[in-house]
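Those protein sequences? They're chains A and B, same order as listed.
Residue numbers -19 to 332, in this note's numbering, belong to the letters of the first sequence in order.
Residue numbers -19 to 332, in this note's numbering, belong to the letters of the second sequence in order.
If you're looking for bench data, these hints aren't it; they were derived computationally from the structure.
Hints may contain errors.
Given that identical chains are not distinguished, each listed pair holds provided it fits within a single copy or across any two copies.
Below, computed lysine to aspartate or glutamate pairings styled on EDC-like, alpha-carbon distance capped at 20 Å [claimed, not checked]:
no.	residue 1	residue 2
1	K46	D235
2	K280	D199
3	K169	D232
4	K265	D232
5	K280	E300
6	K276	D232
7	K189	E279
8	K186	D285
9	K324	E134
As the structure is a computational prediction, the values presented were derived from the model and not from experiment.
Protein chains: 2
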Amino acid sequence: MSGRVPAAAIDALIRDCMQAVGLPPSDAAKVAELMVEADLVGADAHGVFRLPQYIRRIKAGGINPKPHITMEKTGPAVAMVDGDNGMGHLVMSRAAETAAELAKETGVAWVGARRSNHAGAAGVYAAMPLKQDMVGIYAVVANANHMPVWGSSENLLGTNPVAFAVPADKEPPVVLDIATTVVSYGTVKANKLQGKPMPEGWMIDKQGKPLTDSAKSGDGLLLPIGGHKGSGLALVLGLLAGTLNGAAFGRDVVDFNNDDSTACDTGHFIIALDVNRFLPVAMFKAAIDCHLRDLKSAEKLPGADAIRLPGEQRLRRRTERLRNGVPVYPEVVAQLDALAAELKVKALRERF
Amino acid sequence: MSGRVPAAAIDALIRDCMQAVGLPPSDAAKVAELMVEADLVGADAHGVFRLPQYIRRIKAGGINPKPHITMEKTGPAVAMVDGDNGMGHLVMSRAAETAAELAKETGVAWVGARRSNHAGAAGVYAAMPLKQDMVGIYAVVANANHMPVWGSSENLLGTNPVAFAVPADKEPPVVLDIATTVVSYGTVKANKLQGKPMPEGWMIDKQGKPLTDSAKSGDGLLLPIGGHKGSGLALVLGLLAGTLNGAAFGRDVVDFNNDDSTACDTGHFIIALDVNRFLPVAMFKAAIDCHLRDLKSAEKLPGADAIRLPGEQRLRRRTERLRNGVPVYPEVVAQLDALAAELKVKALRERF
């Protein structure tokens, strides 16, 4: 069972911890805001759960607590953000802002980022341009390789996620945030922690046999969605988010689970697309609502409890969690308590 | 067994047929070139195989043989191509050219198309910007709905394919061309024609049970790659290629297999991204080659015959088919002979 913790308490804890390891107050506040946002929308593996690892890497010199993040506009609709090895949240929020600003002028913008780090939930960044009635598309090179290219047994690809956000009117915006693997490695780790087996189809072993024993997942290979298709998606997204930005991909990826001190050189990209250059915004949003309602009210498959559209649960969770608090597992609370003690900041439970 | 037919003979047949139903010679030549390109690279379901259907739709008034295709630049990096219900190949080659031209100025461009039609192989369009050392990304709303949204039994989504092309140096460029369903509907149709069953995992019936009898595929539901993930991809790609362009999506999609006379209002988009705005082209291509070689030489999974990268077979096939001819099944040759007789043009076999 997980207890509920007010978002404000989590936010304050993250801010204090980040400041304790050297982040300036405004940067600490930004990181906290985006990590809490991941918790609110239900991307639980990308919220406060990640705090101990981030702090460990900052303390070990793997992440720069005081980065000088720079943006170079390399064309009217393109820019490169150099993260100076700062927290990915800071780098990507800068990149997303830049993309929306450029797209306001040109209709579409593509902003790459290099020398960055793990930035949390992909959907949070894709959703940023929604505020300006823009479509957002985001992808990143994952910070560990858990998948081989199709036909191989050597893990040279990451789960490389991609996220899309499309504005709607009365309906929740469409926000799709997916890994290119059948499940994320976080889901595998959760099964391992709880001693639960994995269903067939998640992983195979190096002989190509189904791997269901989660205790052995460390040696396993994650399976891509749609076989060679998901493998191909992970590849092209990795080349565009990593290689094109001069950032890490393939053999150069630093496994941030096993190495706290080497800079990851994480690459990302974000696209912002101004709806208004294609259709009047109100007309577009009305059409989106209409299609979403068609899909929601379509005939249900026997056995399916509901037709859920991408983004719907996200908005529902956000509302519910803002009211009732974010569920945090006791194991995570214990880790956060140890962290707070180590950094000499107030424990989570003293904050609400 | 399929005989081999020289590409030039197929090209000439397509040109003559297209002119016979009213296309101007230069448009007929462009359509032929792009259909043959699909055949050469191995997208066999999108080459000359489609000719009888295209001609049928043109004759039935479903496609405009003499379109006035217009392009409106709606911002420095965005444009909309109105296809005037012409052949999709003409509309999309115009859109791809426009995207590369705009991206030369701005770094990236996004061009939408509406009032278009089936354009053949997605990869052919994504690959167009490669010539200018640009990345290409293409997506389209499929011309029939064969997949429900996740949790539904009502086919309101298409296989909505997406294609990516990334330039390389000595290695073949990466060209990924994938439907968001486990298999394309063309593959299902091929099984049905040959009376072959389908493996589990391709389709389910409206009760959610695996459907393996290809004779019953007409009532079946195609399965998306990665469950809700592929369903979400088909949805967002459809909204961006269709709805954002004011083109058909969802309930508005015309099933071009069952209706020859209604305009499809097919929507597509293409993105061109100028590599040079991110890295010097030579440095980028060298890095891509290096990563592709790493992946190719990675340890092989026992049982896998080879590690194949997206785009590799495409280039190999193109070279081989240019030399030895395009394989065309006897059933297709028979259809093409009937078509040639109907249109009073020279039959395929008289052309080589």
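Against the structure, the hints come out as follows:
| no. | hint | in the structure |
| --- | --- | --- |
| 1 | K46 x D235 | neither (22 Å within a copy, 57 Å between copies) |
| 2 | K280 x D199 | between (39 Å within a copy, 15 Å between copies) |
| 3 | K169 x D232 | neither (23 Å within a copy, 43 Å between copies) |
| 4 | K265 x D232 | between (42 Å within a copy, 17 Å between copies) |
| 5 | K280 x E300 | neither (26 Å within a copy, 48 Å between copies) |
| 6 | K276 x D232 | between (43 Å within a copy, 16 Å between copies) |
| 7 | K189 x E279 | between (37 Å within a copy, 16 Å between copies) |
| 8 | K186 x D285 | between (36 Å within a copy, 15 Å between copies) |
| 9 | K324 x E134 | neither (42 Å within a copy, 57 Å between copies) |
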